[in-house]
Amino acid sequence: MGTIERFWPMLRSLQGPGPGPGAAAAAAAAAPRAKPVAPALRALLMRAPAQGLLPDEQQAVEEYFMAPDVAPLDKQRRSALRWMSERACDSLIVSFGKRHLFEGDESVSAGTGSASTPSLIPSASLRELRRFLYALIRTSRLDELDVFMHTLMAQWGIPRRERAVDLCGVVLLQMAKAGVPSALQCWAKWIALVDGGCEFTEYARDRNVLRPVLRYMQALVSGGGAAKRLCADLDSVRMVLGPTAATQLASTLISLAAFNQSFDLVEALWDYKEAHSLPVTTADLTQVMRSYNYSRKFEREMAAYNSHPEAHHDATQFDYLLLAHSKTMSWAALKQQFDALFGIGKLPNVRHYEIVMYAMAMLGNVQNIEALYSQFLRRGMVPTYPIIQALLECHYKSSDPTSCFEQFQLFERYSIQPTAASYTVMFSVYQKLNDISGALRLLRTMTEEDTVPVREQHFLILMRMCARVTNHLIAREIFNIMRDHYDILPHPHSVAALMDVYIEAGLPHEAMTLYNRYRKERYIRHDKRFVAICVSALRAQIRAGDPKACLGVINFVDRHKVARSADYYKALLQYQVSVLRDLEAAEQTFSQLLDEDSDTGVKANTGHFEVMMNAYAHIDYHDRVYNLYETMTDRNIPVNSKILYNLVKATFKVQMSKKEDLTKSLQFLDRIMTNAASQALNTTSTKFHPSVMGWALRAVAKYYSPKKALEVLDRYDELFYDKNVRSVNNKFTLMRSLAVLFAELGDWNQFEIMYDNVMRQIERYQRQPTSTITNKRLNALFVGTFSYKIRQLEQTHQIEKLPGLIRSLGEQGFVLDNVTWNDAIVALSSNDKTIRDALYFVDKFLVHGYNSIHKGRLLGRLRSSPMSASASDSWYLEKKRQDPKSLIPKRYLLTETNEILCRRLDDYLSKQDDAQATLRELIDAYGYYMKGYLMHRRNNVVGWDAIEREHASFFQKLRATKRVVPAQDF
Numbered sequence: 001m002g003t004i005e006r007f008w009p010m011l012r013s014l015q016g017p018g019p020g021p022g023a024a025a026a027a028a029a030a031a032p033r034a035k036p037v038a039p040a041l042r043a044l045l046m047r048a049p050a051q052g053l054l055p056d057e058q059q060a061v062e063e064y065f066m067a068p069d070v071a072p073l074d075k076q077r078r079s080a081l082r083w084m085s086e087r088a089c090d091s092l093i094v095s096f097g098k099r100h101l102f103e104g105d106e107s108v109s110a111g112t113g114s115a116s117t118p119s120l121i122p123s124a125s126l127r128e129l130r131r132f133l134y135a136l137i138r139t140s141r142l143d144e145l146d147v148f149m150h151t152l153m154a155q156w157g158i159p160r161r162e163r164a165v166d167l168c169g170v171v172l173l174q175m176a177k178a179g180v181p182s183a184l185q186c187w188a189k190w191i192a193l194v195d196g197g198c199e200f201t202e203y204a205r206d207r208n209v210l211r212p213v214l215r216y217m218q219a220l221v222s223g224g225g226a227a228k229r230l231c232a233d234l235d236s237v238r239m240v241l242g243p244t245a246a247t248q249l250a251s252t253l254i255s256l257a258a259f260n261q262s263f264d265l266v267e268a269l270w271d272y273k274e275a276h277s278l279p280v281t282t283a284d285l286t287q288v289m290r291s292y293n294y295s296r297k298f299e300r301e302m303a304a305y306n307s308h309p310e311a312h313h314d315a316t317q318f319d320y321l322l323l324a325h326s327k328t329m330s331w332a333a334l335k336q337q338f339d340a341l342f343g344i345g346k347l348p349n350v351r352h353y354e355i356v357m358y359a360m361a362m363l364g365n366v367q368n369i370e371a372l373y374s375q376f377l378r379r380g381m382v383p384t385y386p387i388i389q390a391l392l393e394c395h396y397k398s399s400d401p402t403s404c405f406e407q408f409q410l411f412e413r414y415s416i417q418p419t420a421a422s423y424t425v426m427f428s429v430y431q432k433l434n435d436i437s438g439a440l441r442l443l444r445t446m447t448e449e450d451t452v453p454v455r456e457q458h459f460l461i462l463m464r465m466c467a468r469v470t471n472h473l474i475a476r477e478i479f480n481i482m483r484d485h486y487d488i489l490p491h492p493h494s495v496a497a498l499m500d501v502y503i504e505a506g507l508p509h510e511a512m513t514l515y516n517r518y519r520k521e522r523y524i525r526h527d528k529r530f531v532a533i534c535v536s537a538l539r540a541q542i543r544a545g546d547p548k549a550c551l552g553v554i555n556f557v558d559r560h561k562v563a564r565s566a567d568y569y570k571a572l573l574q575y576q577v578s579v580l581r582d583l584e585a586a587e588q589t590f591s592q593l594l595d596e597d598s599d600t601g602v603k604a605n606t607g608h609f610e611v612m613m614n615a616y617a618h619i620d621y622h623d624r625v626y627n628l629y630e631t632m633t634d635r636n637i638p639v640n641s642k643i644l645y646n647l648v649k650a651t652f653k654v655q656m657s658k659k660e661d662l663t664k665s666l667q668f669l670d671r672i673m674t675n676a677a678s679q680a681l682n683t684t685s686t687k688f689h690p691s692v693m694g695w696a697l698r699a700v701a702k703y704y705s706p707k708k709a710l711e712v713l714d715r716y717d718e719l720f721y722d723k724n725v726r727s728v729n730n731k732f733t734l735m736r737s738l739a740v741l742f743a744e745l746g747d748w749n750q751f752e753i754m755y756d757n758v759m760r761q762i763e764r765y766q767r768q769p770t771s772t773i774t775n776k777r778l779n780a781l782f783v784g785t786f787s788y789k790i791r792q793l794e795q796t797h798q799i800e801k802l803p804g805l806i807r808s809l810g811e812q813g814f815v816l817d818n819v820t821w822n823d824a825i826v827a828l829s830s831n832d833k834t835i836r837d838a839l840y841f842v843d844k845f846l847v848h849g850y851n852s853i854h855k856g857r858l859l860g861r862l863r864s865s866p867m868s869a870s871a872s873d874s875w876y877l878e879k880k881r882q883d884p885k886s887l888i889p890k891r892y893l894l895t896e897t898n899e900i901l902c903r904r905l906d907d908y909l910s911k912q913d914d915a916q917a918t919l920r921e922l923i924d925a926y927g928y929y930m931k932g933y934l935m936h937r938r939n940n941v942v943g944w945d946a947i948e949r950e951h952a953s954f955f956q957k958l959r960a961t962k963r964v965v966p967a968q969d970f
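When we follow full-length UniProt numbering, the leftmost residue of the sequence shown carries the number 1, and every step to the right adds one.
If you are wondering where the hints come from, they were derived from the structure by calculation, not from laboratory data. Everything hinted at is true.
Label pairs and their in silico Cβ distance ranges: (1) 225 to 349: 46 to 54 Å; (2) 378 to 633: 39 to 47 Å; (3) 409 to 623: 46 to 54 Å; (4) 659 to 759: 33 to 41 Å; (5) 402 to 797: 37 to 45 Å; (6) 126 to 409: 46 to 54 Å; (7) 516 to 969: 47 to 55 Å; (8) 921 to 640: 54 to 62 Å.
Computed from a prediction, not measured in an experiment: that's the story for all the values here. Beta carbons are placed, not taken as given, at the ideal position from N, Cα and C, and that holds for glycine.
Could you put the whole structure together from the sequences, leaning on the hints where they help?
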């Protein structure tokens with residue numbers, strides 16, 4: 001049925017009662033007697049919406065729509081409004097809507113707005129209302145809009161509150177889109193008719209009310225000048241609606257600005273309140289203290305807190321206040337102040353304990369803070385939020401994050417509500433434990449309880465956890481939920497976090513897609529942290545190995561004068577070291593960071609030393625590694641686990657290269673572990689990563705003394721673990737090291753137990769609900785250790801299991817190093833039952849690399865010959881000339897391995913009853929490798945002369961073309 005048939009016959013024929021109980025019956029009775037529509041008007045009504053209407057055409061249509069005898073049915077009224085909306089007939093929509101959507105609107109039509117109040121008909125839909133109200137906005141009939149909105153709020157305020165709130169929101173956004181200056185003032189007035197005020201400070205609780213205002217604010221932030229515009233809105237509200245409405249709206253805007261992490265805007269709105277002496281609420285004070293903490297304005301933060309004692313009703317304020325105290329006062333001064341209270345005969349009160357314990361928590365000294373907490377309880381004091389939060393922070397900073405769960409339960413024991421900061425610590429605990437499932441359960445608990453706001457920082461930690469397990473699918477879903485469900489606008493750090501997940505997952509192109517999208521957002525570009533996504537973009541291009549694209553990111557930062565950070569210079573050093581392979585350029589950049597008078601504005605930190613030390617360790621430049629460590633010590637720069645790893649590795653390698661006794665290296669390792677355990681070592685984390693000791697353990701077991709390696713492991717357990725807990729229980733690094741130790745001792749039973757423990761731990765990871773994709777960071781787990789498994793299978797006469805193990809590891813995404821591959825081929829070829837498996841692996845994985853290497857050597861020899869012009873033009877040699885380290889296969893058959901395999905294949909063929917049939921099977925199954933094998937006569941094979949004679953044409957073709965010849969030609 002077309003447009004005309006839906007409602008035009010009815011429009012001309014319906015007379016009598018207007019909208020009401022009898023309207024439908026009257027319409028049904030009168031419809032068959034509809035007057036015909038004039039052909040010209042019919043063509044006009046059937047015209048496509050895109051063509052629009054001329055003024056005279058619009059007048060003709062209006063006369064037809066607004067005929068005095070028209071009383072449409074609901075369905076016909078909606079069709080008519082849709083027809084008008086599609087053709088932008090705003091004036092007609094207003095006239096039609098006032099007549100058919102409302103009752104008693106004569107005074108509004110006359111423009112007086114005082115004699116009669118219009119009433120919405122019960123059958124009107126929200127979509128019809130939106131079209132009508134939008135038309136009022138577009139035609140600038142704001143007085144009439146206000147009257148109708150008052151009517152709707154009065155009708156819907158109690159029985160249909162949700163619909164009234166939604167309507168206020170959509171009208172606010174439409175007015176903002178149309179550029180109406182009083183949009184926010186009108187929203188504040190209308191929403192007050194529904195809720196009695198316009199103060200809403202809990203986004204999670206009042207999401208439906210605040211979401212449109214948040215979008216309004218985000219649009220202003222993206223466009224610039226948000227503070228000026230919102231302060232003008234508050235001026236308008238204060239002048240028209242009064243100071244009470246202004247202070248309520250200001251509190252709402254402050255909370256939303258903090259939720260959006262627009263901290264400059266928070267401070268501007270706070271200053272407006274202070275300048276106009278508007279009352280300060282608890283939420284206002286909490287958010288401005290959070291803002292001052294972010295911008296490191298600690299003095300202003302403490303002044304704001306002290307100036308408004310009437311607003312001290314939120315425990316979160318203690319988070320920010322105590323952090324400010326710890327940042328502005330040294331620990332020595334705090335301790336002196338605390339101890340002085342006893343000296344003057346005045347016992348410390350709860351506030352004193354709060355400040356000192358929070359400052360101690362920043363140091364992670366569990367023993368001291370536990371002693372202070374015991375003293376606090378002995379004096380009969382009841383723990384407060386800052387006390388419990390200090391305990392939680394301190395245990396997190398210690399090397400035993402699992403104890404944080406016990407501290408977190410204290411909130412429930414003492415009926416104290418944890419804050420967003422408390423949950424941030426718990427998310428960080430799950431991050432340390434690498435338990436993303438637990439972190440997601442915590443997020444669900446926060447959402448269900450709905451007592452603590454979920455913040456961007458919480459999602460940031462979750463995405464960083466996804467980076468550790470390379471699960472980009474979960475990270476992307478978390479990012480989308482943060483943005484779409486929680487209405488949290490992604491800022492540079494959260495965008496960069498998702499980019500980092502893509503990078504770790506081996507998807508740098510996905511990271512660049514995200515970068516190209518968000519770098520164009522105005523609010524991102526004006527954020528002080530914008531450089532974070534530039535750093536991630538540079539890391540993505542480093543991962544992709546694209547020098548040109550890396551330079552593009554660097555030029556973008558230079559061209560747009562993006563404020564550089566320490567992380568940016570770390571990525572720049574990585575680019576120079578890894579992509580350009582220009583160590584001299586990296587040293588120049590590093591020297592600028594060391595120079596306090598340079599214009600970089602950034603001082604060298606642990607990360608910069610780490611990149612340079614990794615580069616020197618890679619080329620075994622051990623003296624430079626030691627020099628860098630001395631520089632760090634002189635400058636009091638803390639070391640991290642990777643730096644300690646390189647330092648220990650260099651120490652051991654120097655002694656091993658000199659074939660000296662490893663006693664000094666072991667003493668050095670013990671000194672590092674002891675200092676780390678006693679926190680006497682200046683480190684970035686109190687946690688001592690097991691890889692520092694793990695490499696040394698394997699080296700000692702392999703090259704020095706397995707017994708001594710076991711002593712090192714026992715010493716590590718003694719320093720860092722309880723007596724009832726072993727370090728190797730769930731640490732892959734140490735399980736691998738202990739497996740190597742048992743292998744070197746020749747204890748294959750214990751080796752198999754440890755190997756099985758590794759496999760069970762892998763299975764536990766894979767069974768987790770969040771293990772939706774393979775963790776690529778575990779891909780190299782068996783590099784350097786699987787060769788011991790091969791030896792164990794040989795020693796225990798179980799070599800038949802090896803092919804299945806190799807296939808299983810490959811299916812799970814694990815990789816083996818080239819030495820291990822060649823060890824496997826040698827082992828498999830030693831047994832007639834598995835020699836075909838050796839041929840399979842060689843043909844599929846190794847022979848191509850072998851041929852590539854030998855091709856390069858041959859072309860190199862030919863190029864040096866004056867008789868060969870073709871070799872000089874080889875693209876392969878040109879590529880090698882430009883980058884000598886390119887085109888080097890990671891997996892290839894070693895020459896000595898190939899020789900062993902050829903000899904054992906000769907023996908295998910000699911043992912066959914029908915050598916020719918067997919040879920045909922091998923050619924068919926492993927043609928690429930067999931091509932090389934058959935390039936020369938196999939004189940060691942029994943009966944080879946006869947084979948050569950019977951298949952002379954096959955061998956002639958194969959050796960002439962040097963191409964695989966099908967088995968059917970044999």
